[in-house]
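Asks: Chains as they are written, first to last, in the working numbering: chain U, 1 to 250; chain E, 1001 to 1290; chain S, 2001 to 2335.
These are computed hints drawn from the structure, not numbers from a lab. Hints may contain errors.
Computed footprint of chain S on chain U, listed as stretches where at least three residues anywhere in the stretch have a Cβ under 8 Å from a Cβ of chain S [claimed, not checked]: (1) 12-20; (2) 88-95; (3) 118-130; (4) 164-174; (5) 192-204.
C-beta: ideal position from N, C-alpha, C; glycine also.
Okay, here's what each chain looks like letter by letter:
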Amino acid sequence: MTSLLETRQLSKSFGALVVTSDVDFRLETGARHALIGPNGAGKTTLINLITGRLQPSRGNILIAGEDVTSTSQAARVKRGLGRTFQINMLFRELTVLENVVMTVSEHRGRAGDMFRYAFSRRDIVAEAYELLERLRLGEDALRKVREIAYGRQRLVEIAIALALKPKVLLLDEPAAGVPSAESQLILDVMAELPPDIAVLIIEHDMDLVMRFAQRITVLVQGAVLTEGTPAEVMADPRVREVYLGEHHHG
Amino acid sequence: MSQILPAIVSILFHGVAYAMILYVVSVGLSVTMGLMGFANLAHGVFAMFGGYITVNLMNDYGVPFLPALVVAVVVVAAASVVLERLLYAKLYNAGEIEQVLFTIGLIFMSIAVTKFLWGPSPQHLTLPDSLKGEIQILGRSFPTYRAFIIVLGCVIAFSLWAAIERTRFGARIRASVDNRRMAKSVGINTDRLFSLSFALGSGLAALGGGVGAEILAIHPAYAIEHLVYFLIVVSVGGMGSIRGPFLAALLLGVSDTACKYLFPEIGAFFIYVALFAALLWRPAGLFGRA
Amino acid sequence: MVLPLPLTRSKPTAESPVEFMARSHRLRWYELLPWVVAAGAFLVYPSYLALGAQVMIMVLFALSLDLIMGYAGIVTLGHAAFFGVGAYTAGLLAVHGWGEPISALFVSAAVAGVVGAISGYIVLRTTGLTLLMLTLAVVSMLNEAANKAGSITGGADGLQGITLQPLLGLFRFDLYGRVAYIYCALVLFAVWLLVRLLVHSPFGRSLTGVRENLVRMHAIGAPVHRRMVTAYAIGAALAGIAGALQAQTTQFVALNVMSFDLSGAVLIMLILGGVGRLYGAFLGAPLYMVAQDMLSRLDPVYWFFWIGLLLVMVVMFARGGVLGVGDVIWHRLKK
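Using the sequences and the hints, build the whole thing.
Replies: Put into structure tokens, the structure is as follows:
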């Protein structure tokens, strides 16, 4: 069976510095997969390689069995790849609704249209607004992104990714920097993600990982240390040593 | 054959001298761009003032060439620090549009100021006797002045390289070019670093303006007229590098001289076509770090 | 009065956001002010119509730059290249017997647009200082070409001998510049309608996205380079129309239509009025031309200094230009 997402011997180096080395990795339909590892393990780099923001030095990336290694970011988005960023990458001066409308227009292939007003497409605006309501962002729809609370900005990140109706969703520390009082909102949203899409999440919060993930991959110094169910990974002494040890006193 | 070889040697010689001036003037811009991310279109203004001060001290006050150069470099470097602290520093985090317009404003003002102080016509550098005439190299004669420029350019390039690669100051610059936030967080005083490197860059530009006054004539529109060439050196060389602009300047200086000598009518086009091709091939510059 | 569009709403109302957005692009009364002024000036200052036409040409030119720089965020030092291409195209057409003005405008726009698309395809692969350099290189190269091709363009003496047929075959271009004024006003009006539609279209909004956050645009699958080249080419075509109007109404094309000076001037106009606001051009271009006129009369040799100083002052103290400052004052008053 072909996986939704697959990497083969994916490697990346900057000069002599190897940041990703021979990563073989698969995501199946409906996967809830966590990528963990100490700081600087190359987790975000891996996501950037998968989405095409970075070009690998070696290896291949396949989406639904098709090799996309040398295609543009846009081409991969079209094949069903959506992502969020660890640090907000939003249109801060635009309203929350516009952020999502822009994405929906892009997804529908209508964003290049020139001879009609963007917001007269009620169907597109309505789709964006419904998504915002689903993520409990309805009240903020007409406020500028930079004016809303940080935790809610993180939700906008997710909203944009979901507006692309991805088959594979890559979440880069969705709860990073969010006060714990607000992080419940993000957990709720994650629990309601469409069941058939494959989700890869980078997360430091082990409680969140254990609640969400069915499988875990541990990345250390750019290479896969081990992969398995949460129970298997937790029982692995090497994981305790390199990751949990560091994490607990860090 | 007897015709071609002297022509090639002559082109190379004049081209390299021209390249050295381009390099000395532009290298500071590369540092400003790489270090502060500041699109300082007014960089040529510092070179122009260096040229004016040098020529003026020599012609009107009888100051010898070398002391005049030193005064020009010091005055321009000092003035540039004042400008940097008072104005430039306020725009480090501003958008590119603001930086561009601000520096265009400075260029306009400099045009008026130089016209006011020294009039609209180009200034002529009176070379000291020691640099007049010709010297014999391998049985051929070359203008001493240009030979001097080539030697000076190489010395400066080597010293800069050594300063950046071998001193603490250089290490700080390299660290800040790579990652400004990181550099700040490990305790590098980036404000002072910026001021110092800005002064160094402007001082070098003033030197280039003064020494090169015979090659790039000093007149009020200097900063605009040569802007493209300064920018080419930096862009093709790659931002924030010392070696890159040197190689880029050599390439530009020699090929420009060759084109203008061999095809005076359409020479300029070759340069532009080559430029577009080069940057289409490698948008981040030919000699920058990958 | 957030120009051009108020898309934010601070207090919740009964109206659904979808409906609120759907009527956000409707025409507002203040958007018609420039046209009231243009019509008023025609009646009140009949002896300044030539200057008025010149102002409108510059408004059109600055408007074309706003699309590229204000919306797509592409900073260029070479926008005069397209103004020049348009001017020479219209001028050469007229000199060689194509005296019909309106079709010549379209041809000029097309030629400038093609030059914009080709050069944009190359230069927009770069960013920052390299992009600035390449845009400047394009204008220098074309200037050099026009200079060297003196037998065709008139070189440094300028292109002379432009004669036009009457507008629509009915209205002769008169000595007082009445027809030229109305002609420029109508062309500017049409271009304004087009640009207004463009910046509010999905395409225009996506340009704003490119300006605001390039990384995000890539991540939502936008063909960023293609969008930027398209915007650049459209801006170039519109600048070409401005250049063509200039050639037609002054019956002369000077070599300096393709220069850093003009590229710089149009940048200044836009920043004086306000960048990325659609109406910055309407304020900035007249303001600049009046300032230039006054300064060059007060101080014919050193007026450059004052323009430079003005520019530095605007950047240091009045970012956003007249409209930006107006916005701030408006918001203060509301509080």
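Asks: Please name the hints from earlier in the document that this structure breaks, with their numbers sorted from lowest to highest.
Replies: 1, 4, 5
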